[in-house]
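Peer 1: Taken in sequence, the protein lines are chains A and B.
First residue of the first sequence? That's 1 in my numbering, and the numbers climb one at a time after it.
First residue of the second sequence? That's 1 in my numbering, and the numbers climb one at a time after it.
Keep in mind that the hints were calculated from the coordinates and are not lab data.
Quick caveat, the model's predicted, so the values are computed rather than measured.
Take the hints with a grain of salt, since some may be wrong.
As the list claims (entries may be wrong) - Covered by chain A, per the in silico footprint, the following chain B stretches (three or more residues, Cβ under 8 Å):
(1) 26-34
(2) 45-55
(3) 98-109
Idealized CB from N, CA, C, for every residue including glycine.
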Amino acid sequence: EAQVTQNPRYLITVTGKKLTVTCSQNMNHEYMSWYRQDPGLGLRQIYYSMNVEVTDKGDVPEGYKVSRKEKRNFPLILESPSPNQTSLYFCASGQREVEQFFGPGTRLTVL
Amino acid sequence: EDQVTQSPEALRLQEGESSSLNCSYTVSGLRGLFWYRQDPGKGPEFLFTLYSAGEEKEKERLKATLTKKESFLHITAPKPEDSATYLCAARRIAGGKLIFGQGTELSVKP
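Looking at chain A on its own, in the form it has when it is part of the complex (with noise of 0.2 Å):
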């Protein structure tokens, strides 16, 4: 079955504390991005990935990184997590830069 999965899907954490959420998808697509999803501010674009070893910012980068060293994953790091960034989170994929499938989430939550 094609799809996009992430772990974990729900985490709470504290202030500070590094955390890498994984996303991974069976598709052999090469785009990949990571959403965040706020309520009164939509869906804002964090970090995308065109294929292997090469991404670039999207709106909101600040605060997070990112890595694709094979073309199946693409997580999301959080060095330093602060309250700002409790949001639910969506991995997405797809081919010739469309966001074709989305991941179920990882809701977030920092105190």
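Chain A is fixed; fit chain B onto it per the hints.
Peer 2: Just chain B now, kept in the frame of chain A:
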């Protein structure tokens, strides 16, 4: 500044009552206009991509159209299962950023 605006914010329809959702965009050098459906607590589900003014795409009861300033999502004879939030997004030619609108929350009552 690039912007995508959707209207109305919420729309309530009776089953079978056709209507349209609007997406206005100000994006320099549009690379693509996208429509998604999002159910509560889930990730967006891809519906359509439109690339040039005059283009139309259809899927079941949904039809998306594109002009140089707007896109419309027409819903014909909706059913309760069409209830969801519909999101519009635009991508610029320069860079791969995707800009989403706030969405239209559609409710279809039987």
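Peer 1: Test coverage of the stretch 45-55 of chain B by chain A using CB-CB distances below 8 Å; three residues minimum.
Peer 2: Per the Cβ count (3), the hint holds.
Peer 1: Would you check chain A against the stretch 98-109 of chain B, counting CB to CB pairs closer than 8 Å, and say if three or more residues qualify?
Peer 2: Holds: 6 residues of the stretch 98-109 of chain B have a Cβ under 8 Å from chain A.
Peer 1: Would you check chain A against the stretch 26-34 of chain B, counting CB to CB pairs closer than 8 Å, and say if three or more residues qualify?
Peer 2: holds (count 3)
In summary, the structure agrees with every hint in the numbered list given earlier.
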